[in-house]
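Participant: In order, the protein sequences belong to chains A and B. In case it helps, my numbering puts the first sequence at residues 8 to 375. In case it helps, my numbering puts the second sequence at residues 97 to 295.
Hints are computed from structural coordinates only; laboratory data are not their basis. Where hints are given, some of them may not hold.
[As the list claims (entries may be wrong)] Only some residues are given here: those of chain A computed to face chain B with a beta carbon under 7 Å:
hint	residue
1	S18
2	I22
3	I30
4	A33
[As the list claims (entries may be wrong)] The following residues of chain B were derived to be distant from chain A, with all beta-carbon distances above 10 Å:
hint	residue
5	A99
6	F123
7	S134
8	M259
Values in this document were obtained by computation on a predicted structure and should not be read as measured data. Every residue gets a Cβ at the ideal spot worked out from N, C-alpha and C, and that includes glycine.
This is what each chain is made of:
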Amino acid sequence: MWTSVLLTTLSMSGISVALAVVILVAERFLNDYGTVKVDINGGAKTLEAQGGASLLSTLASHQVFLPSACGGKATCGLCKVKVLEGGGTLLPTEEPYLTPAERAAGMRLACQLKVKRDLKIEVPEALFSIQEFKTRIERIDDLTYDIKGYRFALLDPPAISFKAGQYVQLYSEPYGQVKECVFRAYSMAQPPSDEKAVELYLRLVPDGVVTTWAHTRLKVGDPVRLSGPYGEFYLRGNCKDLVLIAGGSGLAPIRSLVYDIVEKGLPYTMTFFFGAVSKRDLYALDEFHGIAAKHPNFRFVPALSKPAPDDGWTGEVGLITEVVDRHVPDAVDREAYLCGSPGMLNACINVLTKKGFGNDRIFFDKFA
Amino acid sequence: MNAAPAISPFVIFLASIFTSNMILSNFLGTCSFIAVSSEFKTASGLGKSVTMIMVLTNMINWLVYKFLILPLHLENLALIIFIIVIAALVQIVEMAMDRFLPDLYIKLGIFLPLITVNCAILGATLFMVIRNYDFWQSTLFGLGSGLGWWLAISALAAIREKMARTKLPKGLEGPAITFVITGLMALAFIGFSGIFTIQ
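Bound conformation, chain B alone (with noise of 0.2 Å):
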């Protein structure tokens, strides 16, 4: 493993929520923020338990790659042991949250499991691996990137409760509208850009 990059943690947890957030500028994780994006409580549950998966996974990730896989030389299958470890992850974070969360348990439904397969959770510890982070730089990134996903995923939300009641083109109505709403976020995330560099 290459020596970390000299960036202070805290600043990639700043970056990552604004200027390389996980959604407006990397455009990973838009399957669910498209879905589930029509009520704001909704949403945001969504955003906390996506935030809570990525610092875990990315935490535990940094651990598996530092302490399993490069020792045993098992880079070309570090993408399916990732997963595995977030899919185990996703499981019992769903039955705790089954346990001790009930109502948001129901609320999410089928897209808790879905977070296993959400691409911004395997993007964080892909840039994580690829970009060398140390371990307190990685969790932070995963704060930073989940935090940032919650963000924009409530932000959308809250713009489609606001307009629920507005009058659209045939056309425009549902996931297209959601799209048009995303690229001008993402348009309006692009003012952040050059106060933190990380990529």
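Just chain A, with the same shape it has in the complex (with noise of 0.2 Å):
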């Protein structure tokens, strides 16, 4: 009895054994699709991979991340990406996922699409250097009363490369009632040069998860994490004059911007517009008109809508929209950069237009 079960059970295992060794040993040489050369972006970047694998899994182990919800299943359509040669033909398992403009422009679903030979793809540029960053707290600077100046330092990876104007998302950890990990966006206030921090201004937003978490919590020396960079709110340059305006919090990527440009000294003319309620909002105003002072092809014009009696306030008064339509004449050869409250930011956008400013020339950042 006990030697029956000792046998059967022993050869079913050894068959087994013995064929998922020759499936093995097939895979081996039949999957062995040698290396295989993905050119992403036109030569932007260039990986060797062994072939066989997913593309997907191939991107991802040469830490490039597109977005996947279903984890390789081809149930998502999220993992999109054009490519240009070396695809072979659409599988059966991709159609749901793509319409017929979408086939004709070359995309696939990369989970699907096995890398056999050389690859030319095409990713979106924000996705192709997207890292996670361990930082470090170096600095906490009060603004305002509701507004904090983080400076996180880049532990892991050490550097970040990135567009002036682009944000990175925050990761709160749990606490108090907050149970899990919150990620929220905000605008990098550095210069693309400053590339070993992280540098984000916080207003505290009231019931806000992780700007409460942020105010309330985090030291200097604490540990963070951040993702990025990501967005599509930077320097176009296609006009001379650049109108730029900022409300509250809103300054951060606005300053990044414009120390990209002085530092390139960049030959573009730029009118900062920086609204504010009253005295107390405002913050960094030596800081701009030092660059003011320093570069006359910079002006700062910073405004109050209402400012207290005592603020001793000599500058612009009104709405910053007020402001704005005093000081732009018309939209010959300027392109706009907004970043602020929603609010703030349609009735500029409404200013603009009028002006004569095209969707093509007004940028914001809906984030902020």
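Assembling the complex is the task here: the two chains are given apart, and the hints tell you how they should meet.
Facilitator: This is how it looks when you write it as structure tokens:
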């Protein structure tokens, strides 16, 4: 009895093992497509990988992360990439996720495309360089009564490469009633030349999970997780004159943009409108007045909509829209970059549109 | 193992194509027969892979039966062993096809792994065991059964392609008319009966 149980078990295991070995050996020889070159974005990055795996996992193993919610089962359709060369024919599993226009453009699902030969692909620039950063807080500044400036020193990876105006996602840790990690997007305030750190300006939002966490829990030296860079808000540079408009913590990406242009000595003239209610909402005035004093191509126009009686305010007064209306004569050779609350943004876009700015001349960050 | 029947392997080969056709007289492997028979090219491709797998599984399973199952008295496990052998083989054929015949691999898609559970394949193995075939009888039986299956599915696909533009009563569309056609084809194949007898 026991011998037959033992014999049966052993022989079944033996057969399974033997077949598994045969399959593995076959895979070794049949699935060996050699080293394959993947060219991303016309040579912006090339990687050499072992062929035979899906494009999604091949890219991920080389630190290029495509979004994928299903983990490579062709059920979410998020991992679309444009394949220019070497993709072969469209698979039946991909068909439901691609429109005729996308098929014509060469879009494929990276999780279904098996890397067999050299590939030329295009991924959105933003995805291409997104990384997750381990950081430590280097400095916290009180900028106004409700805005704090944070400087995160990057530990791993040690540097970030981004375009001025882009944003990062800040991950909060569980605290108090909040049991999970939450992330929110914040624009970087430092210029791209300052690549060893990330600076963020956070306004305390009433009941905001991440800003409350940052304002009440974070101390200098704390470890923090960030990911980025993301976003399409950066200098296009098609016009000579730049109209920059910010309110509150929306100053951050504009600051990055201004420093970037000044440092590189780019030939733009800039007018920066910084709007606030009263003097207690303003910050970084000395800094921007200092830049304006040194660089004749930069003009700084802070404006208060309701200066308090004891503010002693001698600058511009009025809603930021009125101030912009007074200072910007027309749209000729001008581009506008906006960052602030949605209300302020919409009002400013209205004013600029009336002055003749087209959609292709107004850039704003909708996360702000 | 009893002595093998005294039938020439060649007779078994012809019989398994015409008189004992896997589909049309044994009605095995009907699922993919119905599902993949709307386009001649694909159906023919599937027929080829079924044929190839049937020959290989019959050869390997015969060896496994003769040199492993019988000496170790594992007859009660024969079924499960046959199935895992078929599964492993299909896996390897799939990889080979992906490598050397990528177009057909893409065409067959999900039906290639589904050959694993194609009852015609397991049927061929079990018939060969029940009928005590020797190695060459088994091999040619596998080849004949595969070719017979290929012939049947290609014929059906060709008929369905011809019929594609025919207006049918609603209730007869799709699988329904396919079953009717299959039945008629089976009736036609009865014409071959009596030429050879192997079962």
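Participant: All hints, please: hold or fail.
Facilitator: Hints, verified against the model:
Interface hint at A:S18: satisfied, since its Cβ lies 5 Å from the closest Cβ of chain B, which is below the 7 Å cut-off. The closest approach between the C-beta of A:I22 and any C-beta of chain B is roughly 6 Å, which is under the 7 Å cut-off, so the hint is satisfied. A distance limit of 7 Å between C-beta atoms decides the matter here; for A:I30 the minimum to chain B is near 6 Å, and the interface restraint holds. Interface hint status for A:A33: upheld, as the beta-carbon distance to the closest one in chain B is roughly 4 Å, under 7 Å.
The claim that B:A99 is not at the interface with chain A holds, since no C-beta of that chain comes within 10 Å of its own (minimum 26 Å). At the 10 Å boundary, the C-beta of B:F123 stays outside the reach of chain A, the nearest C-beta of that chain being 28 Å off. Remark: the non-interface label on B:S134 is consistent with the geometry, its nearest Cβ contact in chain A lying 14 Å away (cut-off 10 Å). A cut-off of 10 Å between C-beta atoms confirms that B:M259 is not in contact with chain A; the least separation is 24 Å.
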